[in-house]
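*Asks:* Below are the chains, spelled out letter by letter.
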Amino acid sequence: MQNYFKKISDLLFNALESSEILILNFDAEETDFVRYNKSKIRQAGRVHQVSLDINLIKKGKTLRSSLRLSTEYKKDKTLLVRTLFFLRREVNELPKDPYLIYEKNINSSNLIDDQGLNAQDMSSRILDISSSHDMVGILSSGKIVKGFANSLGQFNWHESDSFNFDWSLYDDNGKAVKQNYADRKWNQDTFTRLYAESAQQLSVISNDEQKVEPGSYRVYLSPSALNEIIDMMSWGGFSYKANKIGSSPLHLMAKGDREFDKSVSFSEDLSNGISPKFHSDGFIKPNNTELITEGKYQKSLISPRSALEYSVKHNAAEDYESPVSIKLETGKINSKKILETLGTGIYLNNLWYLNFSDRNNARVTGLTRFGCFYVKDGELIGPINTMRFDETMYNIFGTKLAGLTNEQQLLMDTSTYEQRSVHSSTIPGAVVEDFRLTL
Amino acid sequence: MKEDFVNIVRPLLPNVDYCSIRFVSRYSNIINATRSVVEPVSICEDEGIMVTVFNDGGFGYGATSNTTKSGIKAAIDFALSWSGYSKNKLTYYPDLSKIKTQNGSFFTKENEQWSKVSMKDKADFLLEVNRALKSKPSISNWGAGIRHNTIETQFIDTIDSNIRQKLSYILPQMIVSAEYKKEIQTRTYGGHAHARQAGYDFIDTIAMHDKALELSEDVVELSRAKNCENNITDIIIAPDQMILQIHESIGHPLELDRILGDERNYAGSSFVNQEMFGRYKYGSDCLNVTFDPSVSSELASCNYDDDGTEAKREYLIKDGILLRPIGGLFSSQRAEMDYVACSRACNWNRPPIDRMGNINLEPGKSSLNEMVSSISEGIYVETNNSWSIDDKRNKFQFGCEKGTMIKDGKFTNIVKNVNYRGITEKFWNNLINVGDKSTYEILGTSNCGKGEPNQTIFVGHATPACHFKEIDVFGGI
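Top to bottom, those sequences are chains P and Y. First residue of the first sequence? That's 38 in the working numbering, and the numbers climb one at a time after it. First residue of the second sequence? That's 29 in the working numbering, and the numbers climb one at a time after it.
Honestly, I wouldn't trust all of these hints.
Below, simulated EDC-like cross-link-like pairs (lysine to aspartate or glutamate); rule was C-alpha separation at most 20 Å, straight line [as the list claims (entries may be wrong)]:
1. 420/Y / 250/P
2. 209/Y / 294/P
3. 180/P / 105/Y
4. 112/P / 75/Y
5. 117/Y / 165/P
6. 420/Y / 246/P
7. 115/Y / 158/P
8. 112/P / 73/Y
9. 281/P / 211/Y
10. 420/Y / 171/P
11. 101/Y / 109/P
12. 101/Y / 67/P
13. 114/P / 73/Y
14. 420/Y / 265/P
15. 97/Y / 67/P
16. 133/P / 149/Y
17. 95/P / 67/Y
18. 112/P / 123/Y
19. 144/Y / 130/P
20. 77/P / 123/Y
21. 309/Y / 276/Y
22. 114/P / 75/Y
23. 112/P / 32/Y
24. 162/Y / 249/Y
25. 420/Y / 208/P
26. 248/P / 453/Y
27. 111/P / 73/Y
28. 98/P / 67/Y
29. 98/P / 276/Y
30. 115/Y / 165/P
31. 209/Y / 296/P
32. 180/P / 151/P
33. 210/Y / 294/P
34. 292/P / 276/Y
35. 133/P / 152/Y
36. 77/P / 84/Y
Calculated from the structure, these hints are not laboratory results.
Just need the whole structure built from these sequences, with the hints factored in.
*Replies:* Here it is, written out as structure tokens:
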């Protein structure tokens, strides 16, 4: 695949005129998807997809085209040459782009991690272990490739095999627990342990439902539940541009008017290597960008385009300026004694379908979903009815935060819209007082 | 593609119980001008195929962007491999004798083709709209854009079906924000819901420039408006909010694959069960909802779904009674229920699943004036900006960009940060008046997410304004 990308890159670069710069972004995926319902296969198949984004820059103007490729040179050559001619003709029609920017220094890199995954073998193990349960979920397994090249001579490559099995176990009353196993190489012992944990939780969720009424409760938000709130925060909260135009839920914090608790520190941390470090215009992203430090808004993610628009220095964020690998620092609550620490309250393993109820004030709403329990005197009593919450981020991470746990969890994004995601987050759990349930 | 493609592919069809090949070619072009600067224009050309094999108790698919003969052969091999592996491991194996041979086509009516208007003219037009949006000093953010998509599908199978459909749609968008005392309010052009199957001529019909001026006036007033007060009150919901209400609390809960449990790990299930069809009182007597692929220019109008089933208009809810789920031919067999042609895939690289097509709320008899006049105290809400609902599609909460208070049968002041919440099963029974054709709009959404692997698809919703009683309305902080 890498040689093919180099070959078509050469084809296009050799066809350029002297006044032209070309930037190429290559995406490929070879994925087996197995979808399960009731511990049987619902749909299974293989998807092979390759695409190339071509960005032609000429005399201060730019025009982009994204193409699907066959990876058969004769067919693709015709398409690529036609597209280059089209871009060359049409780019002249457009006005100059005042925020045009691309990396002019050469920073090449190459990462290949080939594990040789076998999805049918994994699927057999999944079907074997789940046969006595009502399991529903998805296995995604295979290769993800990201490549970059420009006509100035930079070349970057990030190719890795990985899998992500995301599943739920249901009881006869429709109550469910959720679990996930994602890695680069399948480890049967790890999978057996994780599956056993979800089966163990299922036995508790089958206890009598504890009916919760609207009101304020002391809650434990698991890393997964807290991550849902952080996802909402990332809808502009860390974007420089969104803070400038006011669509950021944290714009008051960025202006210095609001703060989180001192125990809260967020960063964009790419050191786990899950996301490529090269930007789509060739810039190399820093390993770590401090976003919120000890409760104070520190820095936004700034794309090169925003940097030009607002005359500031960028930190190689993509145009969407939201984290791809966010990390929340740990706190002091012992993760292994979380029930004891919670005492009496609600253990929230999973939140669902969040949105803003007052974006200016960082207020979000959403619902409880998988594995949410009522806890009394440090003991899990039983599952709760589905409840809606409505709470501000300033309360959750500020005045109502009792503390963060001393262990984090690496959460791999399960999203497969258009292509498999390479985003992740590293998050501890949190205990929050007076968490508001409204319906 | 076209006949050449069919002639190349047909001899490759394997000797199995049933096999279909779906070729999809997509083109999209997005032009945006934000804060009076034309953003980098994006053009996307995408093509690929999906091979689906049912054989000897197994099912598998193979999808590839390699549409050469060797690529298609490889995709067939993957589909055969997965169908062999999944033999006797499937949730359900359909009765293949129920699949009918189909031959036909569908093409969006385009009076003026997208390509006939130059990129420069489109960019200049959007800059002009930007100037109208930035017509007040307190406007802090503004932008306008047009997205054009064409999706061409060719479907053939081992029982001699041959279907060709080409859908083109246009999505015009505008956004404008105003700041007042560090608080920002935003108005959009219908929450980005004014999408239609149409040619570029659609842009001429919607007067974007005039709408831009209206939105700009609106948002400045809104930024200085009072917060919506908490109240249990009457509410009239405008079409550009009604579509979300229909989408989330009628469309999704009636999807048969959710009822059958396929979506329980992701998009969720439903409070609706199979026993409720034919008897359950979903809403008041004035609630009539159709699956209607025949409405001219609506987003999901077509003649066939992506499994090759012929599409027809059907009532889902009539006079408030739940009649039929949104389930395609295969799901309907699993459930032993009626079907609609709703088995849809977002692209060649995802398998078809049960999806909304055009889900429409049929108009009633009241004008907007008549509905407002009947209210002593209430609120008129417009344009969705927030949506949230539980995994069984029961407890919902929606936010709207703008509210206009109603007092003694007349509109009074506007309010900001309007939210309302409720429970689906009660909400639709509180529907007391349905607007007539004068309040009716054909709208849609281009980004309905569902499925594992995930899929985003466009769906249509046409609806009048509707009047509900006893709704829990509240505002911001």
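*Asks:* Could you run down the list of hints and mark each one as holding or not?
*Replies:* Checked hints:
1. 420/Y / 250/P: holds, 19 Å
2. 209/Y / 294/P: The hint holds at about 13 Å.
3. 180/P / 105/Y: holds, 19 Å
4. 112/P / 75/Y: holds, 13 Å
5. 117/Y / 165/P: Roughly 11 Å separates the two Cα atoms, so the pair holds.
6. 420/Y / 246/P: holds, 17 Å
7. 115/Y / 158/P: holds, 15 Å
8. 112/P / 73/Y: With Cα atoms ~14 Å apart, residue 112/P and residue 73/Y stay inside 20 Å; holds.
9. 281/P / 211/Y: holds, 12 Å
10. 420/Y / 171/P: holds, 18 Å
11. 101/Y / 109/P: Holds. Residue 101/Y to residue 109/P sits at ~14 Å (cutoff 20 Å).
12. 101/Y / 67/P: Since the Cα atoms of residue 101/Y and residue 67/P sit roughly 16 Å apart, the hinted pair holds (cutoff 20 Å).
13. 114/P / 73/Y: The given pair, whose Cα atoms are some 15 Å apart, holds under the 20 Å limit.
14. 420/Y / 265/P: holds, 19 Å
15. 97/Y / 67/P: Answer holds: residue 97/Y to residue 67/P is near 19 Å, not above 20 Å.
16. 133/P / 149/Y: holds, 15 Å
17. 95/P / 67/Y: Distance ~15 Å between residue 95/P and residue 67/Y Cα, so the pair holds.
18. 112/P / 123/Y: violated, 39 Å
19. 144/Y / 130/P: Given that 20 Å is the threshold and the Cα spacing comes to 14 Å, the pair holds.
20. 77/P / 123/Y: Holds, because 18 Å separates the two Cα atoms, which is no more than 20 Å.
21. 309/Y / 276/Y: holds, 18 Å
22. 114/P / 75/Y: Measuring from Cα to Cα gives roughly 15 Å; hence the hint holds.
23. 112/P / 32/Y: holds, 16 Å
24. 162/Y / 249/Y: It holds: about 14 Å lies between the C-alpha atoms, which stays within 20 Å.
25. 420/Y / 208/P: It holds: about 16 Å lies between the C-alpha atoms, which stays within 20 Å.
26. 248/P / 453/Y: Distance of about 19 Å is within 20 Å: holds.
27. 111/P / 73/Y: With a Cα-Cα distance of about 18 Å, the restraint between residue 111/P and residue 73/Y holds, given a limit of 20 Å.
28. 98/P / 67/Y: The hint holds at about 10 Å.
29. 98/P / 276/Y: Distance ~42 Å between residue 98/P and residue 276/Y Cα, so the pair is violated.
30. 115/Y / 165/P: holds, 15 Å
31. 209/Y / 296/P: holds, 19 Å
32. 180/P / 151/P: holds, 8 Å
33. 210/Y / 294/P: Distance of about 10 Å is within 20 Å: holds.
34. 292/P / 276/Y: violated, 36 Å
35. 133/P / 152/Y: Given that 20 Å is the threshold and the Cα spacing comes to 13 Å, the pair holds.
36. 77/P / 84/Y: Roughly 16 Å between the alpha carbons, so the hint for residue 77/P and residue 84/Y holds.
Of the numbered hints stated above, those contradicted by the structure are hints 18, 29, 34, listed in ascending order.
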